[in-house]
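We have chain A; now place chain B onto it with these hints.
Read off the chains here:
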Amino acid sequence: MRFRKNDTITLNETEKIVVKDFLGDGGQGEVYLVEKDGTNYALKVYKNQESSDFRYNLKNNIERGAPSSNFLWPKMLLDFDDGKIGYLMDLRPKNFVSFVSYLTGTNKFKSRGVMLKWCIDLCIAFKKLHEMGYSYQDLNDGSFFLDPDTGDLLICDNDNVTADKKNLGILGKMRYMAPEIVRGDKNAKGEQQMPDVHSDRFSLAIILFMALCLGNPFEGERLKEYDIVDEQAEYEMFGSKPVFVYHKTDKSNRPIRGYHSSVLKRWAYIPLYVKEAFHRTFVDGLTDRENERTTELEWLKILTKYRDELISCPHCGYEYIVGYSEKKKYEVCPLCGKETKEICSLHVGRNIVSMELGKKIYISHVDKYSSGYNTAVGIVVANKNNPSLWGIKLALNSPVEIKDADGNVKQIAGNGVIPIVRNLKIKFNENTIGEIR
Amino acid sequence: MENKDRMLGEGIARQELNLLFVIDNSGSMEGEKLGAVNNAIRDVMSIMPEIQEDTSDATIKISALKFSDDAKWVYSEPKTVSEFKWSDISSEGGTNLSGAYDELAKWLTKKEKGGQMPDIGGVAPIIILMTDGMPTSYDWQNHLDSLKKKGWFRVAIKYALAIGIDTQEAMDVLSKFTGNPETVLKVYTAEALRKVIKVIAVTASKVKSNSSTMGVGAGAGATNNDVARTEIAEKLDDIKDVEW
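If you read the protein sequences in the order shown, they are chains A and B. With positions in the first sequence counted from 1, the corresponding number in the numbering used here is that position plus 3. With positions in the second sequence counted from 1, the corresponding number in the numbering used here is that position plus 27.
Extracted from the complex, chain A is given alone in its bound form:
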């Protein structure tokens, strides 16, 4: 260990950092709890002498700042006398638990809607990261944290984030890497293909699949071909011969009954358009890395659509979809088998939002150019005096106009409540008219 409790690190004549505790050893470096100017931070100190490129990249990232508040981003670079470096970052708040603990079943999201909120946040965060010209390069199960009650997201281990097409030597973690990176393919310039936005997108799809299905999209029957899962087996499963477990025609790698139980149970109730997006990335995207990997924006449209059509069974509470895009709508709850409730829906633009209590409307629903996929502007509530009357409680800056089936027009204040009645038209703004059906 480099530091002990109560050690001080002098930054300059006036500033110093006090080491308060050792937090952990992450292989690459040690992490300490420190205090600077009365605020606690995490300090990461690298064990090895890092290259000048690595230091420059870190410094540059700190200066440019985090893509969004979801990133636990380096805040201040430290140079030590022996040439080693470190950086300060904010501490991870206590309400966050690891994505690993979700995968292993130790922690659960409060509801499927909350899980989808987390997935949507993840896509927004990567969209922003990529828009800034960065790529993350090392997505894996250890990178992410979640608040199980709110679905809030935190992204850690941002040390390898670089300008896209630049690389600091890391290729990634097996099982999460894109196949061309595992194989070490040559790119058009004849150089080894290094991680970039396109490999990020492949890995992002793996993380989303894991979040939704609790399994790896390339681990199925083929596991049985290997007595021991060693590097060679991983190379074949994730590099040279990857087969998506739900490949439409090649059924050789289906999840194993009794072993991949979570995937088998969960995949069955995922909407078709989500399945198609996975299939595209994990089948066509294996070879066409630039065009067939579902982008963040595409995921956002798909996942918000999924969230919009979620309903919960009034009998058992299980959350499932109405099934607008399925071959057949769900007439009974897939879990308890009782009849699906009749429910109104708000049709606005291409969106269909099922109007059940607590359901939210987001800016992205009423402004198709907005990226406010998780910024609510309305929530379905019940009337306090008459709970059978429902409405959309607005949180808008300007009033909206509503017109009922008889043609009566009324203004509703930006913080007012729109009654949920069939055939009511809602003019959110000049370009956006919705209807309750």
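For the record, the hints were derived by calculation from the structure and aren't laboratory data. A couple of the hints might just be wrong.
Claimed, not checked - Mimicking DSBU-like on lysine-lysine, the simulated pairs with C-alpha atoms at most 30 Å apart in a straight line are: (1) B:Lys267 x A:Lys50; (2) A:Lys227 x B:Lys176; (3) A:Lys8 x B:Lys225; (4) A:Lys176 x B:Lys177; (5) B:Lys225 x A:Lys23; (6) B:Lys140 x A:Lys244; (7) A:Lys176 x B:Lys262; (8) B:Lys106 x A:Lys111; (9) A:Lys50 x B:Lys213; (10) A:Lys363 x A:Lys396; (11) A:Lys244 x B:Lys176; (12) A:Lys244 x B:Lys177; (13) B:Lys137 x A:Lys268; (14) A:Lys268 x B:Lys106; (15) B:Lys112 x A:Lys111; (16) A:Lys396 x A:Lys428; (17) A:Lys23 x B:Lys262; (18) A:Lys87 x B:Lys225; (19) A:Lys227 x B:Lys177; (20) A:Lys23 x B:Lys267; (21) A:Lys87 x B:Lys267; (22) B:Lys138 x A:Lys268; (23) A:Lys227 x B:Lys213; (24) A:Lys227 x B:Lys138; (25) A:Lys8 x B:Lys267; (26) A:Lys254 x B:Lys106; (27) A:Lys87 x B:Lys262.
Because the structure is a prediction, the values reported are computed rather than measured.
Chain B alone, transformed into the frame defined by chain A:
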């Protein structure tokens, strides 16, 4: 509303990583040697939950085999980190290494064939052998040859701790077990023994419970076993009274 996803499967299917302690508890191990072993395993077990919590790639399973006149497993099957409870072991009898090799060979067989290794999705195990002298079973070489036929043994990352052993003959026995003289460590004090067990068990578990991380340049193409060995070697440098 109660979360109904609970009913939809308990979690991700994970690979199984087996950590095996093979402990000589013959008469000569009595006293501080076995004391240090007992202590070390307790230390390891206090750190294991953290290692297990940090990965979704593998479930760690632990087994312990003690051998004196006979070889006996502490539990009849590999246990998870939360299930494995250590009871101090005490010394008795001779050093029947052949018996230990036979038991290991049976254990390192798939469950469907009567052993204890997973039928699907197992990664190369970690085996740590600790002993303080020459085996009293002279036919150990034949038993080792049978053990070496087991794939699980061949791919395992193997360490042997030579506790206070000075003869080349005894060292050779252990080199033949690990297949690599560099992973036979001479340990001279109880304190060093405790630290070495901890470093090997903890570091190897940490590295091997995660899928390999790949980089370019130095270390490219290294297996998880190589990475674990390198990290262990770096950490052993800090411990006194160890030779390797």
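Item checked: Violations among the numbered hints, reported as their numbers in ascending order -> Hints 23 and 26 not satisfied by this model.
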